[in-house]
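*Asks:* Sequence:
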Amino acid sequence: MEILRIGTINVAVGDAMAAGRLFSRLGLPTRQADLVRLPDRPAQINYLQSPVGESSLSFVEPADPGSPVARFLERRGEGLFSLSIEVRGLDDLMAAWRAAGVEWVLDAPMRFEAGPGRPQGGAANWTRPRTTLGMIIEVIERGSPEDGGPN
Numbered sequence: 103m104e105i106l107r108i109g110t111i112n113v114a115v116g117d118a119m120a121a122g123r124l125f126s127r128l129g130l131p132t133r134q135a136d137l138v139r140l141p142d143r144p145a146q147i148n149y150l151q152s153p154v155g156e157s158s159l160s161f162v163e164p165a166d167p168g169s170p171v172a173r174f175l176e177r178r179g180e181g182l183f184s185l186s187i188e189v190r191g192l193d194d195l196m197a198a199w200r201a202a203g204v205e206w207v208l209d210a211p212m213r214f215e216a217g218p219g220r221p222q223g224g225a226a227n228w229t230r231p232r233t234t235l236g237m238i239i240e241v242i243e244r245g246s247p248e249d250g251g252p253n
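Residue numbering for the sequence shown follows the working numbering, starting at 103 and increasing by one per position.
No wet-lab data here; the hints were simulated from the structure. Bear in mind that the values here come from a model prediction, so they are computed numbers and not experimental data. Some hints here could point you the wrong way.
[Unchecked claim] The calculated label-pair distances, taken between Cβ atoms and stated as ranges, are:
id	residue 1	residue 2	range
1	Arg190	Ile111	19 to 25 Å
2	Ala197	Arg133	30 to 36 Å
3	Asp166	Leu124	20 to 26 Å
4	Val204	Leu128	32 to 38 Å
5	Ala135	Thr233	36 to 42 Å
6	Val154	Gly236	41 to 47 Å
7	Glu156	Arg127	21 to 27 Å
8	Ala135	Arg213	26 to 32 Å
Every residue gets a Cβ at the ideal spot worked out from N, C-alpha and C, and that includes glycine.
Full structure from sequences and hints, please.
*Replies:* Here is the structure:
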């Protein structure tokens, strides 16, 4: 198990396109012209990304009124929503963090194929914010079994 890098800082917003335009004017142009849509649970978001070195800043808006981002906006308003980190050995990391008191949204990592917003397949899970200082930490292991990634 190894933490490789901070992947993305996700900012919950009511309008991702408007946030992207604002940050473009501030010198952080977005990576794409249109929203990336991830409507399925547990994400249920639309987003734009602004690259910052090897990491990125993402502006996430709810894709569904019942999504976690919609609930966050209702309770707290716009602001820091989550942090993603890339790891090697997600299953081992989940076990170690669970032993340290961290609760996970899913019992086992969600496996995903390459697609829009996900240039390669892999696996992910999310911490419950009550166990990680009020912040969701999305933990991602990139790759597929063929290239040494998660299986």
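*Asks:* Checking against the hints above, which ones are violated?
*Replies:* Going through the list in order, the structure violates hint 6 alone and respects the others.
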